[in-house]
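K.L.:
Here the protein sequences line up with chains A and B, keeping their order.
Throughout, the numbering used here is defined as the position within the first sequence, counted from one, plus 224.
Throughout, the numbering used here is defined as the position within the second sequence, counted from one, plus 224.
Because the hints were derived from the structure by calculation, they are not lab data.
These numbers come from a predicted model, not from an experiment.
One or more of the hints may lead you astray.
Identical copies look the same in the list; a pair holds intra-copy or inter-copy alike.
What the hints assert, rightly or not - Here are the simulated BS3-like pairs of lysine-lysine, each with C-alpha atoms no more than 30 Å apart in a straight line:
{"#": "1", "residue 1": "K372", "residue 2": "K398"}
{"#": "2", "residue 1": "K244", "residue 2": "K372"}
{"#": "3", "residue 1": "K355", "residue 2": "K372"}
{"#": "4", "residue 1": "K301", "residue 2": "K397"}
{"#": "5", "residue 1": "K244", "residue 2": "K355"}
{"#": "6", "residue 1": "K301", "residue 2": "K345"}
{"#": "7", "residue 1": "K345", "residue 2": "K393"}
{"#": "8", "residue 1": "K372", "residue 2": "K397"}
{"#": "9", "residue 1": "K393", "residue 2": "K355"}
{"#": "10", "residue 1": "K301", "residue 2": "K393"}
{"#": "11", "residue 1": "K244", "residue 2": "K393"}
{"#": "12", "residue 1": "K355", "residue 2": "K345"}
{"#": "13", "residue 1": "K301", "residue 2": "K372"}
{"#": "14", "residue 1": "K391", "residue 2": "K343"}
{"#": "15", "residue 1": "K355", "residue 2": "K343"}
{"#": "16", "residue 1": "K372", "residue 2": "K346"}
{"#": "17", "residue 1": "K345", "residue 2": "K391"}
{"#": "18", "residue 1": "K244", "residue 2": "K301"}
{"#": "19", "residue 1": "K244", "residue 2": "K345"}
{"#": "20", "residue 1": "K355", "residue 2": "K301"}
Protein chains: 2
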Amino acid sequence: QLVSALEEHFSAEQQLNNIKITITAGPTREAIDPVRYISNHSSGKMGFALAAAAVAMGADVTLISGPVQLATPIGVKRIDVTTAQQMHDAALAQATQSDIFIGCAAVADYRVAEVAGEKMKKKADSALELKLVQNPDIIASVAALTAKRPFTVGFAAETQNLLQYAKDKLARKKLDLICANDVSGTALGFNSDHNAVTLVWQHGEQALAPQPKAELAKAILQHIYAQFSAN
Amino acid sequence: QLVSALEEHFSAEQQLNNIKITITAGPTREAIDPVRYISNHSSGKMGFALAAAAVAMGADVTLISGPVQLATPIGVKRIDVTTAQQMHDAALAQATQSDIFIGCAAVADYRVAEVAGEKMKKKADSALELKLVQNPDIIASVAALTAKRPFTVGFAAETQNLLQYAKDKLARKKLDLICANDVSGTALGFNSDHNAVTLVWQHGEQALAPQPKAELAKAILQHIYAQFSAN
Chain A
225 QLVSALEEHF SAEQQLNNIK ITITAGPTRE AIDPVRYISN HSSGKMGFAL AAAAVAMGAD
285 VTLISGPVQL ATPIGVKRID VTTAQQMHDA ALAQATQSDI FIGCAAVADY RVAEVAGEKM
345 KKKADSALEL KLVQNPDIIA SVAALTAKRP FTVGFAAETQ NLLQYAKDKL ARKKLDLICA
405 NDVSGTALGF NSDHNAVTLV WQHGEQALAP QPKAELAKAI LQHIYAQFSA N
Chain B
225 QLVSALEEHF SAEQQLNNIK ITITAGPTRE AIDPVRYISN HSSGKMGFAL AAAAVAMGAD
285 VTLISGPVQL ATPIGVKRID VTTAQQMHDA ALAQATQSDI FIGCAAVADY RVAEVAGEKM
345 KKKADSALEL KLVQNPDIIA SVAALTAKRP FTVGFAAETQ NLLQYAKDKL ARKKLDLICA
405 NDVSGTALGF NSDHNAVTLV WQHGEQALAP QPKAELAKAI LQHIYAQFSA N
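Chain A on its own, in the form it takes in the complex (with noise of 0.2 Å):
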């Protein structure tokens, strides 16, 4: 009975043998002049939470972060890059060469239109226009490949509508899985170390309870490996 509880527990702590993940996570940040920013509120805890789970579990995992303050989780291969831009050139790299693509990060949909080379002085008196063009869609990007795609998993942070939200994001951008975050509250999601996601995909939905974001990402992995396994 030892030897059987000892060898569920080594199965399931090396489940992710030999598999690679590549995981985004962080905010990214969009320049408007050398000093002035765009940003948004991910601390990068639930990215790096889920690398520091996949390595636990055996897999071989590249983390691509955007800036944050977290320290590198032991075994876990890092890339920093600061805009969408960076980040969407380094996950198209990883992701051909990846089993698995966990889209975690914050990534900003808009970056300034032209970046002032250097500071904007302030105009008496005068409003301001700030012109915005779409970045590229990462997420979507991996998903669309159509030679080496990885089994593609996104995120959905919304303050409203959350479920409908993530199953027409899984439709339309061909996702093969979705975690779905509500983050309307600020018990959870951004900046807290505990979370709850319900996951989405094509023919079922599973919600895991609020947990700390450590043993949130275990359960995440287990979940996306068991859909992984049978696509």
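Following the hints, position chain B against chain A.
P.N.:
Structure of chain B alone, referenced to chain A:
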């Protein structure tokens, strides 16, 4: 000789006894929607170094800080804020109770005209115009006080024409002294532990060599105190 050296040491150390100083530090964050924001590259290190040095020199220090990843120096009263408007309100409340006000924060000049209550959805293939309106000018508001006006010190962080902008700003905002800070390089200034500034006042200027922010902070405070006392 030892006694006089010690006396000099302690008189320098306690130079700011009974002086009340308010310091602003760090960036401000201006929400675009619940997820996205505009901010800037200030780490808050220079303002926090000034607060720590001022306490060590005997001052009664209040530090008004935007979102940063820094511990509060021992003995410093800290007020946390997020937006420029919040920093403005806290700064004006503290300024009239202070002998010296040092505006070291990198305050966002602009905020979004209408903050979206829910996360904005990306629109297919479309650009976006973000309408920005000016924030209140904190340092100019403090310098414009007619009753209980503190000795008012500003910072000018620029990537070009540094001294010219700093002198213009000193005169235009009616500051008593300005610390001109070249942020065009990467080795000094934002996010660095080192910095170099040139102090400018109405009838003089003084360049301070590149040095750790902790030492630079002490040198800046000694110059501020000299001008404050001469006033």
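K.L.:
If a hint holds in the structure, say so; if it doesn't, say that too.
P.N.:
Hints, verified against the model:
{"no.": "1", "hint": "K372 <-> K398", "in the structure": "within (15 Å within a copy, 63 Å between copies)"}
{"no.": "2", "hint": "K244 <-> K372", "in the structure": "within (12 Å within a copy, 65 Å between copies)"}
{"no.": "3", "hint": "K355 <-> K372", "in the structure": "neither (36 Å within a copy, 42 Å between copies)"}
{"no.": "4", "hint": "K301 <-> K397", "in the structure": "within (27 Å within a copy, 50 Å between copies)"}
{"no.": "5", "hint": "K244 <-> K355", "in the structure": "neither (39 Å within a copy, 44 Å between copies)"}
{"no.": "6", "hint": "K301 <-> K345", "in the structure": "neither (40 Å within a copy, 33 Å between copies)"}
{"no.": "7", "hint": "K345 <-> K393", "in the structure": "between (40 Å within a copy, 12 Å between copies)"}
{"no.": "8", "hint": "K372 <-> K397", "in the structure": "within (17 Å within a copy, 60 Å between copies)"}
{"no.": "9", "hint": "K393 <-> K355", "in the structure": "both (26 Å within a copy, 28 Å between copies)"}
{"no.": "10", "hint": "K301 <-> K393", "in the structure": "within (29 Å within a copy, 47 Å between copies)"}
{"no.": "11", "hint": "K244 <-> K393", "in the structure": "within (24 Å within a copy, 55 Å between copies)"}
{"no.": "12", "hint": "K355 <-> K345", "in the structure": "both (17 Å within a copy, 17 Å between copies)"}
{"no.": "13", "hint": "K301 <-> K372", "in the structure": "within (20 Å within a copy, 57 Å between copies)"}
{"no.": "14", "hint": "K391 <-> K343", "in the structure": "between (42 Å within a copy, 17 Å between copies)"}
{"no.": "15", "hint": "K355 <-> K343", "in the structure": "both (16 Å within a copy, 19 Å between copies)"}
{"no.": "16", "hint": "K372 <-> K346", "in the structure": "between (49 Å within a copy, 28 Å between copies)"}
{"no.": "17", "hint": "K345 <-> K391", "in the structure": "between (44 Å within a copy, 15 Å between copies)"}
{"no.": "18", "hint": "K244 <-> K301", "in the structure": "within (11 Å within a copy, 49 Å between copies)"}
{"no.": "19", "hint": "K244 <-> K345", "in the structure": "neither (47 Å within a copy, 32 Å between copies)"}
{"no.": "20", "hint": "K355 <-> K301", "in the structure": "neither (36 Å within a copy, 40 Å between copies)"}
When the structure is compared with the earlier hints, violations turn up for hints 3, 5, 6, 19 and 20 and for no others.
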